[in-house]
Amino acid sequence: MAKHHVSAVINGEPTEFLCETQQTLLDVLRDEIGLTGSKEGCASGDCGACSVIVDGSLVCSCLMLGCEAEGTTITTIEGIAQGDHLHPVQQKFLEHAALQCGFCTPGLIVASKALLDENPNPTEEEARYWLAGNLCRCTGYDKVIRAVMDAAAVMRGEKAA
Amino acid sequence: MNYITSDLKVVGSRPIRPDGVEKVTGRAQFGADMRMAGMLWGKVLRSPHAHAKIVSIDTSAAEKLPGVKAVVTSKDFPHIANEEAFVGEGPMNFRDLSRNCLAWDKALYEGHAIAAVAATSQAIADAAIELIDVKYEVLPYVIDVEDAMADDAPVLHDDLFSAGVDPKPAKPSNIAKVVTFKKGDAEAGFKDADVVVEGRYTTKAVHQAYIEPHACLCSYNADGQVMIYSSSQGHFMVRAYCSKLLGIDLANIRAVPLEIGGGFGGKTLVYLEPVAIALSKKAGRPVKMQMTRDEVFRASGPTSGATVEVKLGAKKDGSIVAAKQVLKYQAGAFPGSPIGPGCMCGFAMYDIPNVDVVGYDVVSNRPKVAAYRAPGAPISSWAVECAMDDLARKLGKDPIELREQNGARNGTKTHYGPTHQNIGFLETLKAAKNHPHWKAPLKPGQGRGIACGFWFNIGGESTAGCHIAEDGTVVATSGNPDIGGSRASIGMMVAEVLGVPADRVRTIIPDTSSINFSFLTGGSRVTFATGMAATQAAERVVEDLKRRAAQVWEIPVEAVEWKDGKAYPAGSNAGAFEPLDLATLALKAGRTGGPIGSEVSVNAQGAGPGFGCHICDVEVDHETGAVKILRYTAIQDVGKAIHPSYVEGQIQGGATQGIGWALNEEYIYDAKGKMDNSGFLDYRVPVASDVPMIEAVMVEVPNPRHPFGARGVGEVPIIPPMAAVGNAICGATGLRLYDLPMSPPKVRAALDAVAPKMAAE
Numbered sequence: 001m002a003k004h005h006v007s008a009v010i011n012g013e014p015t016e017f018l019c020e021t022q023q024t025l026l027d028v029l030r031d032e033i034g035l036t037g038s039k040e041g042c043a044s045g046d047c048g049a050c051s052v053i054v055d056g057s058l059v060c061s062c063l064m065l066g067c068e069a070e071g072t073t074i075t076t077i078e079g080i081a082q083g084d085h086l087h088p089v090q091q092k093f094l095e096h097a098a099l100q101c102g103f104c105t106p107g108l109i110v111a112s113k114a115l116l117d118e119n120p121n122p123t124e125e126e127a128r129y130w131l132a133g134n135l136c137r138c139t140g141y142d143k144v145i146r147a148v149m150d151a152a153a154v155m156r157g158e159k160a161a
Numbered sequence: 001m002n003y004i005t006s007d008l009k010v011v012g013s014r015p016i017r018p019d020g021v022e023k024v025t026g027r028a029q030f031g032a033d034m035r036m037a038g039m040l041w042g043k044v045l046r047s048p049h050a051h052a053k054i055v056s057i058d059t060s061a062a063e064k065l066p067g068v069k070a071v072v073t074s075k076d077f078p079h080i081a082n083e084e085a086f087v088g089e090g091p092m093n094f095r096d097l098s099r100n101c102l103a104w105d106k107a108l109y110e111g112h113a114i115a116a117v118a119a120t121s122q123a124i125a126d127a128a129i130e131l132i133d134v135k136y137e138v139l140p141y142v143i144d145v146e147d148a149m150a151d152d153a154p155v156l157h158d159d160l161f162s163a164g165v166d167p168k169p170a171k172p173s174n175i176a177k178v179v180t181f182k183k184g185d186a187e188a189g190f191k192d193a194d195v196v197v198e199g200r201y202t203t204k205a206v207h208q209a210y211i212e213p214h215a216c217l218c219s220y221n222a223d224g225q226v227m228i229y230s231s232s233q234g235h236f237m238v239r240a241y242c243s244k245l246l247g248i249d250l251a252n253i254r255a256v257p258l259e260i261g262g263g264f265g266g267k268t269l270v271y272l273e274p275v276a277i278a279l280s281k282k283a284g285r286p287v288k289m290q291m292t293r294d295e296v297f298r299a300s301g302p303t304s305g306a307t308v309e310v311k312l313g314a315k316k317d318g319s320i321v322a323a324k325q326v327l328k329y330q331a332g333a334f335p336g337s338p339i340g341p342g343c344m345c346g347f348a349m350y351d352i353p354n355v356d357v358v359g360y361d362v363v364s365n366r367p368k369v370a371a372y373r374a375p376g377a378p379i380s381s382w383a384v385e386c387a388m389d390d391l392a393r394k395l396g397k398d399p400i401e402l403r404e405q406n407g408a409r410n411g412t413k414t415h416y417g418p419t420h421q422n423i424g425f426l427e428t429l430k431a432a433k434n435h436p437h438w439k440a441p442l443k444p445g446q447g448r449g450i451a452c453g454f455w456f457n458i459g460g461e462s463t464a465g466c467h468i469a470e471d472g473t474v475v476a477t478s479g480n481p482d483i484g485g486s487r488a489s490i491g492m493m494v495a496e497v498l499g500v501p502a503d504r505v506r507t508i509i510p511d512t513s514s515i516n517f518s519f520l521t522g523g524s525r526v527t528f529a530t531g532m533a534a535t536q537a538a539e540r541v542v543e544d545l546k547r548r549a550a551q552v553w554e555i556p557v558e559a560v561e562w563k564d565g566k567a568y569p570a571g572s573n574a575g576a577f578e579p580l581d582l583a584t585l586a587l588k589a590g591r592t593g594g595p596i597g598s599e600v601s602v603n604a605q606g607a608g609p610g611f612g613c614h615i616c617d618v619e620v621d622h623e624t625g626a627v628k629i630l631r632y633t634a635i636q637d638v639g640k641a642i643h644p645s646y647v648e649g650q651i652q653g654g655a656t657q658g659i660g661w662a663l664n665e666e667y668i669y670d671a672k673g674k675m676d677n678s679g680f681l682d683y684r685v686p687v688a689s690d691v692p693m694i695e696a697v698m699v700e701v702p703n704p705r706h707p708f709g710a711r712g713v714g715e716v717p718i719i720p721p722m723a724a725v726g727n728a729i730c731g732a733t734g735l736r737l738y739d740l741p742m743s744p745p746k747v748r749a750a751l752d753a754v755a756p757k758m759a760a761e
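The listed protein sequences derive, respectively, from chains D and L.
Residue numbering for the first sequence follows this note's numbering, starting at 1 and increasing by one per position.
Residue numbering for the second sequence follows this note's numbering, starting at 1 and increasing by one per position.
Hint data in this document are derived by calculation from the structure and do not stem from the laboratory.
Treat the numbers as computed from the prediction; the structure is a model and nothing was measured.
Every residue, glycine too, gets a C-beta built ideally from N, C-alpha and C.
It is possible that some hints are incorrect.
Negatives, chain L to chain D, calculated, CB over 10 Å [as the list claims (entries may be wrong)]:
#1 I57
#2 P78
#3 D105
#4 A163
#5 T180
#6 K183
#7 S243
#8 P418
#9 H437
#10 G565
#11 S572
#12 N603
Restraint ranges, calculated between C-beta atoms of paired labels, are given here [as the list claims (entries may be wrong)]:
#13 D:V154 to L:L8: 28 to 38 Å
#14 D:Y129 to L:K439: 22 to 32 Å
#15 L:K443 to D:A132: 22 to 32 Å
#16 L:L8 to D:V9: 44 to 54 Å
#17 L:S56 to D:G56: 53 to 63 Å
Just need the whole structure built from these sequences, with the hints factored in.
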């Protein structure tokens, strides 16, 4: 069967790609476009390592087909920083040592950005429940939550970056 | 040199890790992120049966499918001999590993690799797998450890005779090995005891559950040279196994370590790499393979499920006079459970005159177990630390004080031989007793538990380097894949010795052909052993820099001192010279002897053992049986925290894995011997909303055998949580639970069992 021709805006760039019907958005990002920052940990929507933002919504890219991306605007981990200027969430993950192996980190950062876009002033409990779809096996989440809460304070302008 | 009492500028601070930015921007390259021109995709056909004889494998239809470039079975691997391997963590046998990578004559567990294909796309590879026709003769199977030990159990290997039994058994069995340790006279000790507690505890197999599935890209070139790009806990380990399993000279294999997305012991052996090389050789093209999560659960890891009987006897004053343990560990399909450390660790924390421990390494139709953080110890300590709590209750003693009274100290002889030296168990207990958490009031219905853990830590063969670039900046090299921040800690030790800021040192991990040998990343050895090599490499560079400064100044080298990254004349007698910094000396390198750098290989000894004590508060929902962790404090002797944030991270992460082991994680099998929960939805690891902040408290009793006093820190924190949670549940409900995980159905059943009695009272 012929491949689908899909147009989407990915990390600000108008992008076209060809994909087979069964290919997920994650497959397309990794294997067709070469954006390997989104990770496959489960391919079933349970681990969140493939988290991306599609038209403002946080989604697991392993649960969306590539051809469903037609006409959408997508932000992946590669589009979170502005050039060499890191997003506050990225900066705080570094400062708080909120990563060890770093495999779940792209998904956690995308999910954390999506949280703070929607709720700039989350409680610790809200942050924990929002990020409950992003598995991290290394950190025990302590430093991750501290990084997110700290990034939120910076983004609210309550403290200097 | 030893820096334990030095005024340290870099070690002990918290710089941003050298590999941080590429990890927060998605640029770090993990196992599945590599591509090569002409690359094929490899897939594995796995056994649908728990135990079956492989009668025939017909691959002809798969080979004919357009796009399929190679199909391999075990016939493409050399038939290697039964030979012990000391390449990975824990006992291993080259022949068994070969049979685990591709089954020889029998499928020994559901998920056992039978054949593999390489094709031009993943979809074609998947389709080709379906076309391989395997004729099985299904055999009776056995899953659980005590069933596998029964006389009438189906036997997995007809050449397996229990080791450690005299005389050698007349017939094969599933008991691979019997391990015994004796100290004093346990029976006499129990007769002498005023109080005795005992219990039979069980654990289920649990998976390391790293988020990154196993992945590799391998290329076998026409001249016999092999490239391996993979994610592992030791690229030298990968090289050694591939060499042995495929009969390729070590020097012809170049293994490149990619970023590792978690391992916890589970990536200390190979599954895919030898298969990918065999496919690549046959196809004449590079082959990429990656496991699905389902394959990770069914075919890799986990650690043993077990049955552990424990008995403790004490005098009225609390002194423990006798201890006994019988441990039965699942090995999976091939011998090699962590029964040895299991037998050692449970009682290693206590000074007990009479000890009797027996352990069994038992094969059954499950995936071959792999190391998992402090292999064997959490299972053993789950039983012992619950029994210690029962003993404290029975004696009416504070559980920390009972441990202080009986705790191992310097000079305590363990039941397995060695005498403890330079340990910090009592200091750890003291920190626990003085922590505000221990004294904080509990509300009605809440419970508090404590439990302790011990791990040996290891040293071993390691290589590291220190190279001064032409501009005076520094590249440090480490022979070990960085699993939890070792590039940061190694770079910091090098920076400290050189007297430069941490950000002047970039630490990288060269491939197997670019640095000398290092044993794998495991046993909490890298910051200790490879850190020792890195420290020595930097010291050699400092000596060389002093010699070069002396040459420039034309004074004796003894008249030069090195401090804060510069060479100074040592005192006014040496002469009046402007100090020479690294950049200046690097610039003059061509005139003072050439490039500046050093690589040091060591066989590090003296890894200081680690001890931890965890305090846990819980609340039990009597309606659902769910246990909520309210507060958690993990106290540990870390020797010296090189980068405290990553030490805390190890403690917090290990404790959380232990909480998962305690409350939810388990391999569940159906009636046909197949795993029933091979995904993260049903195999439930802790998520962010399951746990509170984990307070990590670092006690620093320096290890005198390490230049900065470091001890391994990664293993200890997974040992105490199961019993800490269990003891807290006991505190909250009065119920002692004996079986892991303490999941809602089990807790609810235990509550229901006593409810009528409680209602009647």
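Cross-check of the supplied hints:
With a closest Cβ-Cβ approach of about 28 Å to chain D, I57 of chain L is found to remain outside the 10 Å limit, as its non-interface label requires. Even its closest Cβ contact with chain D, about 33 Å, leaves P78 of chain L beyond 10 Å, as expected for a residue assigned away from the interface. Chain D leaves D105 of chain L outside its interface by the beta-carbon criterion, the shortest separation being 33 Å against a cut-off of 10 Å. Here A163 of chain L stays apart from chain D, with its beta-carbon at least about 34 Å from theirs, past the 10 Å limit.
With a minimum CB-CB distance of about 35 Å to chain D, T180 of chain L clears the 10 Å threshold, and the non-interface call stands. For K183 of chain L, the requirement that its beta carbon stay farther than 10 Å from each beta carbon of chain D is met, with the minimum near 36 Å. No Cβ of chain D comes within 10 Å of the Cβ of S243 of chain L; the nearest lies about 27 Å off, and the non-interface call holds. Its beta-carbon lying about 31 Å from the closest one in chain D, P418 of chain L satisfies the requirement of being farther than 10 Å from that chain.
At the 10 Å boundary, the C-beta of H437 of chain L stays outside the reach of chain D, the nearest C-beta of that chain being 15 Å off. Annotated as non-interface, G565 of chain L keeps its C-beta farther than 10 Å from every C-beta of chain D; the closest such distance is 25 Å. Once the 10 Å rule is applied to beta carbons, S572 of chain L is consistent with being away from chain D; the minimum gap is 45 Å. Every beta carbon of chain D lies more than 10 Å from that of N603 of chain L, the smallest distance being close to 27 Å; the non-interface claim holds.
Roughly 30 Å separates the CB atoms of V154 of chain D and L8 of chain L, a value that falls within the hinted 28 to 38 Å. Checked against the hint of 22 to 32 Å, the C-beta distance between Y129 of chain D and K439 of chain L comes to roughly 31 Å, which is consistent with it. In this structure the supplied range 22 to 32 Å holds for K443 of chain L paired with A132 of chain D, their Cβ-Cβ distance being about 25 Å. Between L8 of chain L and V9 of chain D, the C-beta spacing of about 50 Å keeps the proposed range 44 to 54 Å intact.
Between S56 of chain L and G56 of chain D the Cβ separation comes to about 56 Å, which falls inside the hinted range of 53 to 63 Å.
Of the numbered hints given earlier, the model fails none.
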